[in-house]
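Let chain A serve as the given structure and place chain B on it in line with the hints.
There are 2 protein chains.
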Amino acid sequence: MKKASIGIFDSGLGGLTVMKQLIHHLPNESFIFFGDTAHVPYGNKSPASIKEFTTAIIKFLNSHSVKLIIVACNTASAVAIKEMQRQSQVPIVGVINPLKSYLQANPQYLRIAVIGTQNTVKSKAYDHLIENTNSEITIFSKACPLFVPIIEEGLENHQIAKITAKEYLNDLIKHNIDLLILGCTHYPIIKNTIKKIIPENITIIDSATLATDSVISYLKTNKLLNNTARQINIYVSDEPKQFQKQTEKYLGQPISNVEKIILK
Amino acid sequence: MKKASIGIFDSGLGGLTVMKQLIHHLPNESFIFFGDTAHVPYGNKSPASIKEFTTAIIKFLNSHSVKLIIVACNTASAVAIKEMQRQSQVPIVGVINPLKSYLQANPQYLRIAVIGTQNTVKSKAYDHLIENTNSEITIFSKACPLFVPIIEEGLENHQIAKITAKEYLNDLIKHNIDLLILGCTHYPIIKNTIKKIIPENITIIDSATLATDSVISYLKTNKLLNNTARQINIYVSDEPKQFQKQTEKYLGQPISNVEKIILK
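From first to last, the protein sequence lines are chains A and B. Taken in order, the first sequence gives residues 1 to 264; the numbers are from the numbering used here. Taken in order, the second sequence gives residues 1001 to 1264; the numbers are from the numbering used here.
Some hints could be false.
[As the list claims (entries may be wrong)] Cut-off 30 Å, straight-line C-alpha distance, at most; resulting in silico cross-link-like pairs (DSBU-like, lysine-lysine): (1) A:K51 <-> B:K1245; (2) A:K166 <-> B:K1260; (3) B:K1260 <-> A:K260; (4) B:K1166 <-> A:K166; (5) B:K1191 <-> A:K142; (6) B:K1003 <-> A:K260; (7) B:K1241 <-> A:K241; (8) B:K1059 <-> A:K162; (9) B:K1264 <-> A:K59; (10) A:K241 <-> B:K1059; (11) A:K59 <-> B:K1241; (12) A:K122 <-> B:K1174; (13) B:K1059 <-> B:K1020; (14) A:K122 <-> B:K1051; (15) A:K122 <-> B:K1245; (16) A:K174 <-> B:K1142; (17) B:K1059 <-> A:K51; (18) A:K162 <-> B:K1196; (19) A:K166 <-> B:K1142; (20) B:K1174 <-> A:K142; (21) A:K162 <-> B:K1142; (22) B:K1264 <-> A:K82; (23) B:K1082 <-> A:K249; (24) A:K195 <-> B:K1249; (25) B:K1174 <-> A:K195; (26) A:K142 <-> A:K51; (27) A:K241 <-> B:K1051; (28) B:K1122 <-> A:K249; (29) B:K1191 <-> A:K174; (30) B:K1082 <-> A:K260; (31) B:K1051 <-> A:K166; (32) A:K51 <-> B:K1166.
Note that these hints are calculated values from the structure, not bench results.
Next comes chain A alone, as it looks inside the complex (with noise of 0.2 Å):
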């Protein structure tokens, strides 16, 4: 079971932040990635046709043998994590439930601002999380839907990003918040534009980061590291080479194998 790939998927770009931290982290673990690129953004499709997204592709990875799968995207993570859960043969890692110990580490916030796509938004999830760990806290939340196609367009310190940065987080930061979550894996390679534009005292934590945090510590935990050579196997439902590309560069190293595979 150490031996076994980690399994990691999203709709697109997004579920690299996660896997780039992984790999930094935990040298001698192989992954098996799947970007459902076909059917990227997540963010403005239903929750029903995102179950069917999910269901086909956790059947995947768990026929890959894999030891652990995170769901690297937001979205998935607070729509449908319990059908996962459920279809699952292996724990499923998703990027939201991590808050949970950060914010009992972290007492001291008490405005908290979560950013992330309509249906992430929409789906309360941080909300019920939030509240559920501390009723004290006075949540603020803002659907941000332009993001992901800025920075699947490599536009994401481009002015085009920092007007719609503005746009987004003005109403947010008029609410005196001091903890600012990014709820989307994708919003870690905007976060620069984002500093740029809300005030020095405001903390900004990934979900990207959380998420990593509580892999390396579940598998700790468990006895489950790996100490064998590296392996990364990336399957994607639209076009390789793009996505390989894509990969490349924001991995900055060479990925090989990268196939297309339709999922019924």
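Frame of chain A; chain B shown alone:
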């Protein structure tokens, strides 16, 4: 055959710009519209995947005994029109070819800019058509990949849309173009914003209008005009409720039949 419906499809809202004009001009025609909302947007999906999606849609519309199919999507028209024409038992009208007769009727335009999705621009479908029509025309083209998500989010009149449009169009304007072709069926929705930032002497035409003219002319010439009561049936591959709302808002009339169907 006269009484058969007109089949029409797009990945999302864009196709409605064509259907709206047809509804207006042809009060006795019935329509079967398919919106491939599980895969929207098509603009950044691979040609191979778009061919798979459109193959299933053409089969679906043919099974509903339509008299004609309108590919109300420039991306699909650019990358898959020949395959669709081979697969369909009824005529296929794309949104790119109708430009030919417009250019023949308006030979004064010699510096033409085309804007569209990444796929449409990469395919060079417009370049080939324009060169074949009049080799004296100089063509400039620019992919505007954020316009579709901006429109799908209802932000077409927002400051974000203005900044993005300026960013995309400034270079084209510098080339002293005389005609701007909106080469994506979504773009008529953002036309007012575009108008405000380009010089008044540049004529704007949209492919939705050209395709509408072409369809009306085809039906008249082939004596296929209907004279009975209209029916509109809409099918989508994702959640029907949101699409129903968007359709009603855009068409300005109640729509009763929106049904989800998954094509295999």
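Tested hints:
1. Restraint check for K51 (chain A) and K1245 (chain B): the C-alpha separation of about 22 Å stays at or below 30 Å, so the hint holds.
2. About 37 Å separates the Cα atoms of K166 (chain A) and K1260 (chain B), which puts this hinted pair outside 30 Å; it is violated.
3. The suggested pairing of K1260 (chain B) with K260 (chain A) holds, with an alpha-carbon distance near 26 Å, which does not exceed 30 Å.
4. About 18 Å separates the Cα atoms of K1166 (chain B) and K166 (chain A), which keeps this hinted pair within 30 Å; it holds.
5. In summary, the hint linking K1191 (chain B) to K142 (chain A) is supported, as the alpha carbons are separated by about 28 Å, within the 30 Å threshold.
6. Restraint check for K1003 (chain B) and K260 (chain A): not satisfied, since their Cα atoms lie roughly 43 Å apart, outside the 30 Å limit.
7. A distance of roughly 35 Å separates the Cα atoms of K1241 (chain B) and K241 (chain A); the hinted pair therefore is violated under the 30 Å criterion.
8. About 44 Å separates the Cα atoms of K1059 (chain B) and K162 (chain A), which puts this hinted pair outside 30 Å; it is violated.
9. Our distance criterion of 30 Å between C-alpha atoms is met by K1264 (chain B) and K59 (chain A), whose separation comes to about 19 Å.
10. For the given pair, K241 (chain A) sits about 29 Å from K1059 (chain B) by alpha-carbon distance, which is consistent with the 30 Å threshold.
11. With a C-alpha separation of about 29 Å, the suggested pairing of K59 (chain A) with K1241 (chain B) holds against the 30 Å cut-off.
12. Distance check on the hinted pair: K122 (chain A) and K1174 (chain B) sit about 43 Å apart at the alpha-carbon level, beyond 30 Å; violated.
13. Distance check on the hinted pair: K1059 (chain B) and K1020 (chain B) sit about 24 Å apart at the alpha-carbon level, within 30 Å; holds.
14. Simply put, K122 (chain A) and K1051 (chain B) have alpha-carbon atoms about 33 Å apart, too far for the 30 Å limit, and the pair is violated.
15. Distance hint between K122 (chain A) and K1245 (chain B) is fulfilled; the C-alpha atoms sit about 17 Å from each other, no more than 30 Å.
16. With a C-alpha separation of about 38 Å, the suggested pair K174 (chain A) and K1142 (chain B) falls outside the 30 Å cut-off, and the hint is violated.
17. Distance hint between K1059 (chain B) and K51 (chain A) is fulfilled; the C-alpha atoms sit about 26 Å from each other, no more than 30 Å.
18. Distance restraint check for K162 (chain A) and K1196 (chain B): the Cα-Cα separation of roughly 22 Å lies within the 30 Å cut-off, and the hinted pair is therefore satisfied.
19. Between K166 (chain A) and K1142 (chain B) the alpha-carbon distance is near 26 Å, which keeps this suggested pair within the 30 Å criterion.
20. A threshold of 30 Å between alpha carbons decides the hint, and for K1174 (chain B) with K142 (chain A) the separation of about 38 Å lies outside it, so the pair is violated.
21. For the proposed pair K162 (chain A) and K1142 (chain B), the alpha carbon gap of about 22 Å is at most 30 Å, so the pair holds.
22. As the CA atoms of K1264 (chain B) and K82 (chain A) are separated by approximately 27 Å, the hinted pair is consistent with the 30 Å bound.
23. A threshold of 30 Å between alpha carbons decides the hint, and for K1082 (chain B) with K249 (chain A) the separation of about 35 Å lies outside it, so the pair is violated.
24. About 37 Å separates the Cα atoms of K195 (chain A) and K1249 (chain B), which puts this hinted pair outside 30 Å; it is violated.
25. A C-alpha spacing of about 34 Å is found between K1174 (chain B) and K195 (chain A), which places the hinted pair above 30 Å, so the restraint is violated.
26. Using a Cα cut-off of 30 Å, the hinted pair K142 (chain A) and K51 (chain A) holds, with the two alpha carbons roughly 23 Å apart.
27. For the suggested pair K241 (chain A) and K1051 (chain B), the alpha carbons sit about 17 Å apart, so the restraint of at most 30 Å is met.
28. A distance of roughly 21 Å separates the Cα atoms of K1122 (chain B) and K249 (chain A); the hinted pair therefore holds under the 30 Å criterion.
29. A distance of roughly 33 Å separates the Cα atoms of K1191 (chain B) and K174 (chain A); the hinted pair therefore is violated under the 30 Å criterion.
30. Taking the CA atoms of K1082 (chain B) and K260 (chain A), the gap is near 24 Å; set against the 30 Å cutoff, the hint holds.
31. Annotation: proposed proximity of K1051 (chain B) to K166 (chain A) is violated, straight-line Cα distance about 39 Å (limit 30 Å).
32. Our distance criterion of 30 Å between C-alpha atoms is broken by K51 (chain A) and K1166 (chain B), whose separation comes to about 39 Å.
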